[in-house]
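Q: Input sequences plus hints: build the corresponding full structure.
Just so you know, the protein sequences line up as chains A and B, in that order.
Position one of the first sequence corresponds to residue 1 (the UniProt record's numbering), numbered consecutively onward.
Position one of the second sequence corresponds to residue 1 (the UniProt record's numbering), numbered consecutively onward.
It is worth saying that the hints were derived from the structure and are not from the lab.
Misleading hints may appear alongside valid ones.
Where chains are identical, the list cannot tell them apart; a pair therefore holds if satisfied intra-copy or between any two copies.
[To be verified] Distance condition first, Cα-Cα at most 20 Å in a straight line; then the derived EDC-like pairs of lysine to aspartate or glutamate: (1) LYS145 with GLU111; (2) LYS124 with GLU16; (3) LYS138 with ASP50; (4) LYS145 with GLU126; (5) LYS145 with ASP122; (6) LYS138 with ASP14; (7) LYS123 with GLU133.
Fair warning: this is a prediction, and the values are worked out from it, not measured in the lab.
Number of protein chains: 2
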Amino acid sequence: MDTKVTFRIATENDLEEIVRMLADDILGDKREQFVLPLPESYKSAFKAIDADPNNELVVACSGKEIIGVQQITFTPYLTHQGGWRVRTAASQRGQGVGSKLIQFGIQRAKERGCRMVQLTTDKKREEAIRFYERLGFKATHEGMKLQL
Amino acid sequence: MDTKVTFRIATENDLEEIVRMLADDILGDKREQFVLPLPESYKSAFKAIDADPNNELVVACSGKEIIGVQQITFTPYLTHQGGWRVRTAASQRGQGVGSKLIQFGIQRAKERGCRMVQLTTDKKREEAIRFYERLGFKATHEGMKLQL
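A: Structure, rendered in structure tokens:
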């Protein structure tokens, strides 16, 4: 892909486009609700992320178009001798931008002195798992979820 | 187990006992460094956790003895229609307290209106995986890690 991709922190004006992208996905389709005006829950989640110095919502842009989004969460841990970790959650339009998006998250993790980058991905997303393995991630752990 | 277990937020005075417990584990043994005085990295991680309203370090006690520890991390997300999640990481001495510890984390998640509780556990910890499944967790996701 030759498109020049730029990254910036998302603003409230990006929220509709971001939710549209999250909903336009074979799994996201079942759990998101893209209607306008947006449900209030998305707006309050955006405000909480935006206000938290340990959460960054980053959009990848081609010109003015948003082609990817990533939430980067920085967490201090006692384990691993007190290392910070990054948890990343990314969505994208098309295939070209995914790798750059994750590399951006890894770079942010290094800048803030993190010891580990981690994510969970649905076992049904076989292509995504291979994608992350090519970027150096290892599927050493079970990602266990309990819906409330 | 009949012991009365109480839960409270950890203080800096608990840190030595917590790190001793984290290191006293077949996997923790390889990555933690329990020496006195404690390495500075543990102290600064404790301070960062303690200062962050979205991180709670909780100890389970039997009398004055610390028998379990759990880090509870609250994270706002856009996905799942803007739901907060809890990520929990627990260690324990002996078998009796684990279930109470996780139930405590689930309770905190409900109190703060979270939609999901999640954790990752090493695939080598087969007994832990069955334990979390009995508590209602489902291993639907791969837990992927990249060491920096």
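Q: Could you place LYS124 and GLU16 in one of the four classes (within, between, both, neither) given a Cα distance threshold of 20 Å?
A: Answer is neither: 27 Å inside a copy and 42 Å across each miss the 20 Å cutoff.
Q: My question is about LYS145 and GLU126: at a cut-off of 20 Å on alpha-carbon distance, are they close within one copy, between copies, both, or neither?
A: both (18 Å within a copy, 16 Å between copies)
Q: Can you tell me if LYS145 and ASP122 fall within 20 Å by alpha carbon in one copy, between copies, both or neither?
A: both (10 Å within a copy, 14 Å between copies)
Q: State whether the alpha carbon distance between LYS138 and ASP50 is at most 20 Å within one copy, between copies, both, or neither.
A: Neither way: LYS138 and ASP50 sit 30 Å apart in one copy and 30 Å across, limit 20 Å.
Q: Within, between, both or neither: how does the pair LYS138, ASP14 come out at a Cα-Cα threshold of 20 Å?
A: For LYS138 and ASP14, neither the intra-copy (32 Å) nor the inter-copy (33 Å) Cα distance is at most 20 Å.
Q: For LYS123 and GLU133, with the copy left unspecified, which applies at a CA distance of at most 20 Å: within, between, both, or neither?
A: Result: close both inside a copy and across copies, 13 Å intra and 16 Å inter.
Q: Have a look at LYS145 and GLU111 and pick one of within, between, both or neither, based on CA distance no larger than 20 Å.
A: between (30 Å within a copy, 18 Å between copies)
Of the numbered hints listed earlier, those contradicted by the structure are 2, 3 and 6.
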